[in-house]
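Start from the sequences, fold in the hints, and give me the full structure.
There are 2 protein chains.
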Amino acid sequence: MENKKPVTLIKIGGNIIDNPTELSQFLSDFSKIEGNKVLVHGGGKSATKMAESIGLAPQMIDGRRITDAAMLDVVVMIYAGQINKNIVAQLQAKNTNAMGFSGADGNLIQSDKRNHPTINYGFVGDVKKVNTQLLETLLSNGIVPVFCAITHDGKGQLLNTNADTIASELAIALSEVFDVTLNYCFEKPGVLFDAEDDSSVIENISQELYSKLKAEKSIHSGMIPKLDNCFNSLSKGVQKIKIGHHRMLQDKTALYTTITL
Amino acid sequence: MENKKPVTLIKIGGNIIDNPTELSQFLSDFSKIEGNKVLVHGGGKSATKMAESIGLAPQMIDGRRITDAAMLDVVVMIYAGQINKNIVAQLQAKNTNAMGFSGADGNLIQSDKRNHPTINYGFVGDVKKVNTQLLETLLSNGIVPVFCAITHDGKGQLLNTNADTIASELAIALSEVFDVTLNYCFEKPGVLFDAEDDSSVIENISQELYSKLKAEKSIHSGMIPKLDNCFNSLSKGVQKIKIGHHRMLQDKTALYTTITL
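Protein sequences, first through last, are from chains A and B. The numbering of the first sequence is the working numbering, which starts it at 1 and goes up by one. The numbering of the second sequence is the working numbering, which starts it at 1 and goes up by one.
Each hint should be verified, as a subset may be incorrect.
If chains are identical, the list can't say which one is meant, so a pair holds when it fits in one copy or spans any two.
Derived DSBU-like pairs (lysine-lysine); straight-line CA-CA distance at most 30 Å [what the hints assert, rightly or not]:
1) 128 - 94
2) 94 - 113
3) 5 - 226
4) 155 - 94
5) 32 - 226
6) 236 - 113
7) 155 - 252
8) 32 - 155
9) 113 - 32
No lab work stands behind these hints: they were computed from the structure. Note that the coordinates shown come from a computational prediction; the quantities given were computed from them, not determined experimentally.
Below, the structure written as structure tokens:
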């Protein structure tokens, strides 16, 4: 059990994607990480901008954004096309042998179209199965997989999928074969005791502390699905999870939050 | 020399991409081809439509279309995103383990930005190097590579590249290791003696006949770079080249043109 090879899995969000200087700095740091690594990227604001510029109005039902067919087309273009290929080209320039994927590619991530009893989310997928064997083959050939948040249902339909969930499902699948460290990079230096105070980083969140902080409502809404994902991943075999600003990847003095069961 | 494994390389153009019924029929036929295979797809009209809908005017210099930065963004989105991922998802549904690539992915196709003495083509790349070893690894793992017509310069820049050229350069590179059959599929049943008569398919074009037909001007302008590409590929090791309608892939009675040195 202790002989598993390590793999570093990093998820970056819109705050990095939307800022070319930040993205370039992150990609430099990422390219310096040694050994097996995987990148998962979110979308940022460009899909919304593109939707607006071609005259698509956001489809909302009960306050939730719906991915209709036209919006799916846009997110596929932007996430799997523009963002993914530009990241891959930049990593190649930094001597990292990146290869960009949607879940359809090599059937790497298959999803089920979300079937909610009351809300029709449209073309949204919940991860069902990761092709761990092919991922392992790619990693053992020195490939650095770069995933966008698009999956498929195996029946020819592409689906929009939450990037945090993709990261955690990939981490869980890889933990069968690898010793996985999952890093969620976002705009804050970690999970904060006080959302207004960047120095209030919680060094470690255990399940016990998490329950306490949720009860006290000191952990805010957006953080809850992220942390639920983390505890789910840890309970399913992921070795280590860190949440923080991407500077934690290379700056040994940077603060971050570790999540433990 | 005779022990090389066979690989079938197929290039499809805009006429198939722009017609969902035709595309679906082609992908069914493609999925039935046995053994190693590679697909290269062109772009069709959707990049131009998208450019129009976001208010980009085509940039023309001396009657030639220029790929400026905004147009490059559009072709990357459409070719590497929308078209490529939809093809991959459809092939997966047909039990073909497709994986979609730009040339940046795995550094599979590196180009040089075109440096023309008098015309600035913008972000257009001419193929410089194919990563044959990685392609061979992918094929030997049962992967079916699906290439769009986007490459990169190895310095972080994506480049728009002619799909016919990508097909011929991939064919040449693969011929080092494989016995390559290259199929160009287009709207006509082959190269025609008379452009107006679909039954006038030339069964075989040798270099000698090609010179004669060019001199007589019975081969029209768009066909010339295509055939030049073919003869170049054959002289560099590609085993066999066919040009015709995609029905030639499964319909044994279909006409097509074979190109020989």
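Hints versus structure:
1. When the C-alpha separation of residue 128 and residue 94 is checked against a cutoff of 30 Å, the pair qualifies only between copies, where the shortest distance is 19 Å, while the shortest distance within a copy is 33 Å.
2. Taking identical chains as interchangeable, the C-alpha atoms of residue 94 and residue 113 lie at most 30 Å apart only when they sit on different chains, with a minimum of 19 Å there against 37 Å within one chain.
3. In the homo-oligomer, the alpha carbons of residue 5 and residue 226 lie at most 30 Å apart inside one protomer (26 Å), although the nearest pairing across protomers, at 48 Å, exceeds that limit.
4. Taking CA atoms no more than 30 Å apart as the test, residue 155 paired with residue 94 passes between copies only; the shortest distance there is 8 Å, against 36 Å inside one copy.
5. When the C-alpha separation of residue 32 and residue 226 is checked against a cutoff of 30 Å, the pair qualifies only within one copy, where the shortest distance is 26 Å, while the shortest distance between copies is 43 Å.
6. Taking CA atoms no more than 30 Å apart as the test, residue 236 paired with residue 113 passes inside one copy only; the shortest distance there is 23 Å, against 47 Å between copies.
7. In this assembly of identical chains, the alpha carbons of residue 155 and residue 252 lie at most 30 Å apart only when taken from different copies (29 Å versus 46 Å within one copy).
8. In this homomeric assembly, residue 32 and residue 155 come within 30 Å of each other (Cα to Cα) only across copies, at 17 Å, whereas the closest approach inside a single copy is 38 Å.
9. When the C-alpha separation of residue 113 and residue 32 is checked against a cutoff of 30 Å, the pair qualifies only between copies, where the shortest distance is 27 Å, while the shortest distance within a copy is 37 Å.
Hint violations for this structure: none, all hints satisfied.
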